[in-house]
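Single-letter residue listing:
Number of protein chains: 2
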Amino acid sequence: MNKTEPDLSFWAHWMHRALQLAYLADGSTSPNPLVGAVALDVAGKLVGEGFHARAGFPHAEVEALDQAGVKAKGGTLVVTLEPCCHQGRTAPCTEKILRSGVSRVVVAMQDPDPRVSGLGISRLREAGVEVLTGLLEKEAAFQNRAYIFRVRTGRPWGILKWAMSLDGRTGLPSGESKWISGSRARSWVHKLRATCDAVIVGSGTIRADNPLLTSRGISEPEPLRVALTRSLNLPFDAQLWDVKVAKTLIAYGPDALKDLLAKFPPGPEHLALDSTDPLELLNALAKKNCNRVLWECGPALAASAIEMGCVQELAIFMAPKLLGGVPAMTPLANLGYTAMNQVLFVSDCSVKTIGQDWLFKMLLPQLEV
Amino acid sequence: MNKTEPDLSFWAHWMHRALQLAYLADGSTSPNPLVGAVALDVAGKLVGEGFHARAGFPHAEVEALDQAGVKAKGGTLVVTLEPCCHQGRTAPCTEKILRSGVSRVVVAMQDPDPRVSGLGISRLREAGVEVLTGLLEKEAAFQNRAYIFRVRTGRPWGILKWAMSLDGRTGLPSGESKWISGSRARSWVHKLRATCDAVIVGSGTIRADNPLLTSRGISEPEPLRVALTRSLNLPFDAQLWDVKVAKTLIAYGPDALKDLLAKFPPGPEHLALDSTDPLELLNALAKKNCNRVLWECGPALAASAIEMGCVQELAIFMAPKLLGGVPAMTPLANLGYTAMNQVLFVSDCSVKTIGQDWLFKMLLPQLEV
Chain L
25 MNKTEPDLSF WAHWMHRALQ LAYLADGSTS PNPLVGAVAL DVAGKLVGEG
75 FHARAGFPHA EVEALDQAGV KAKGGTLVVT LEPCCHQGRT APCTEKILRS
125 GVSRVVVAMQ DPDPRVSGLG ISRLREAGVE VLTGLLEKEA AFQNRAYIFR
175 VRTGRPWGIL KWAMSLDGRT GLPSGESKWI SGSRARSWVH KLRATCDAVI
225 VGSGTIRADN PLLTSRGISE PEPLRVALTR SLNLPFDAQL WDVKVAKTLI
275 AYGPDALKDL LAKFPPGPEH LALDSTDPLE LLNALAKKNC NRVLWECGPA
325 LAASAIEMGC VQELAIFMAP KLLGGVPAMT PLANLGYTAM NQVLFVSDCS
375 VKTIGQDWLF KMLLPQLEV
Chain C
25 MNKTEPDLSF WAHWMHRALQ LAYLADGSTS PNPLVGAVAL DVAGKLVGEG
75 FHARAGFPHA EVEALDQAGV KAKGGTLVVT LEPCCHQGRT APCTEKILRS
125 GVSRVVVAMQ DPDPRVSGLG ISRLREAGVE VLTGLLEKEA AFQNRAYIFR
175 VRTGRPWGIL KWAMSLDGRT GLPSGESKWI SGSRARSWVH KLRATCDAVI
225 VGSGTIRADN PLLTSRGISE PEPLRVALTR SLNLPFDAQL WDVKVAKTLI
275 AYGPDALKDL LAKFPPGPEH LALDSTDPLE LLNALAKKNC NRVLWECGPA
325 LAASAIEMGC VQELAIFMAP KLLGGVPAMT PLANLGYTAM NQVLFVSDCS
375 VKTIGQDWLF KMLLPQLEV
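Line by line, the protein sequences are chains L and C.
The numbers in the first sequence follow this note's numbering, run straight up by one, and end at 393.
The numbers in the second sequence follow this note's numbering, run straight up by one, and end at 393.
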């Protein structure tokens, strides 16, 4: 290793491994980012692995270096995000790294947290450690897109999910909307919820579907279930009000009939908002440590969330069925476009088969709000 | 070849080649089927190839055997459809085959034409020729699905095509619908038209889009363009009325204001129907030798065509765009379903990328009409 330095593909191999490790805690680390780390000894052999499991738990670097022990000395730490240099709930990782004696740190990307933001890398370099940065930066940024977005904008990354038929219907004219997609698609949605910190619906969805909105035990704790309501005109016996399986937040606007709150079963948290704008709700959820939220709402709230820049990603299930219908239940209400050159163009699209259904995933452009 | 008989994979190889040859005339043979043929000599070497190019032109078997000449003697003819045994516009192929001296004929499937329907195969066997049948039968039946359907039902195979956004819109609330899909998708539609014998629209589509509906020169002649109208309330200066590029048929119902016909430019053929039901139109188009028609109509006519069993296949473009809209332009009007277990389930679905868009192709179940 001393005479012939390993090339980038060598570090890329281990960075891929570190990214995989980070994904093991997908959905569990908020408000913290996903981080994975690999420790290699002076000969380039694996001597430690770690990932950040949950806020307050050890950072990935600490896990990997503790596993490596003295074997880390003179070796390399490969980590998906810049090591922290500030005292948080845990001690600064930079000091741990310096104590470990590694001579090189390979970092995928800077931490956008203003308390770090390049200072962690500087601290290591000033202490004489060689730091390579930018390796698989795009992959690392995609992995932490929710965290990065929340740090930069102050609100969580939004995913909007819907299921529709081949002819773009989300329900029959009769109002029946269960089930358009198949059981494997619904299982996939449970997994998607497990990667989110909150799941949001409006009052129409609660009235029509009485959804449970959990990951069915995949994530522990379950994501926060949020009912966004203008009026508090909600059924008093919905599945959401039973907080034994998951927490529920009832977020209501200034025009709500607050006297109704006493009629709901105890359990759900109540949150008075200045307005029921999606943006206002997301600002409140950011304060509750949400990095990523899932919109599972009807067409009006979905259109409003898109218009307010509260949706960054779409997950669409298309079932191999024709429903028909006038007037139709469709995924989105009016977005206000009058010409074809105004409409929203999505990017980074992918399509795959999940059981009988197709899953479309894509990113929305950043809207000016 | 005399001691060790070739196995099925040997014949399958040549049947694949014969199917490829048949496809060369896709869209040009109506009312006849697509047929491809390969002649092999006694040693199994290729000595002739042919396909049926157009009604009235030589059959595939004749083309292949003429090319082979005396080399066919003692050899094998591989053909995608049962050879005909009746005098049509051309002489019976069975007699040509017997004269050629081949000792074996390999056939993918029986011809459903009641004048053939196994009689061609019997004739060959009775004359001492070995006949293998059923090789790649499924592929051959799929290739000729339009022909087979027309022979069995008396009406052409229907393909319904639409382009929509991710949220199931076919246009903006303003009525603008050009263009949702990209230029490569539109080129693909030109190719699709080239494989069809007629392209059908309703009056709403003519008024809104003033479409040209040609293959842009890919097929010669162009498919017949059909305007189906209840009232004859159509613009007098539409692109469809110029028959220099392609023929046009104006098909109108009994309630039409027939006096209006004189106001259209000369050129289009006029056809009075007992009703403007899609089924009645298709019966008329079958008489005009159409095996396959393309529905490029709006939601009401599309829903009606599906309900009457006039659509066997869907081709859906989904563009990576969000349009929104209440009330929305959507691909299908009401199909009359009131419960989710009634809705139409499609099969044989495939999805692929064409330029910026996704193309979905699938088959519809046979509806009882």
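Since the hints were derived computationally from the structure, they do not count as laboratory data.
A virtual CB, placed ideally from N, CA and C, is assigned to each residue, including glycine.
Treat the hints with care, since some could be wrong.
[Said to hold, decoys possible] Interface residues of chain C toward chain L, partial, derived using beta-carbon atoms under 7 Å:
hint, residue
1, V153
2, L156
3, G158
4, D191
5, L346
6, N358
[Unchecked claim] Pairs of lysine-lysine, BS3-like flavour, derived with a Cα cap of 25 Å:
hint, chain 1, residue 1, chain 2, residue 2
7, L, K287, L, K271
8, C, K287, C, K271
9, C, K69, C, K202
10, L, K215, L, K385
11, C, K385, L, K376
12, C, K268, L, K385
13, C, K215, C, K287
14, C, K385, L, K385
15, C, K287, L, K376
16, C, K268, C, K311
17, L, K376, L, K312
18, C, K162, C, K202
[Unchecked claim] One-sided excerpt, in silico: chain L residues whose CB lies under 8 Å from chain C:
hint, residue
19, D233
20, L236
21, A363
| task | Could you tell me which of the hints above the structure violates, numbers in ascending order? | result | Failing hints, ascending: 1, 2, 3, 9, 12, 13, 15, 17, 18, 19, 20.
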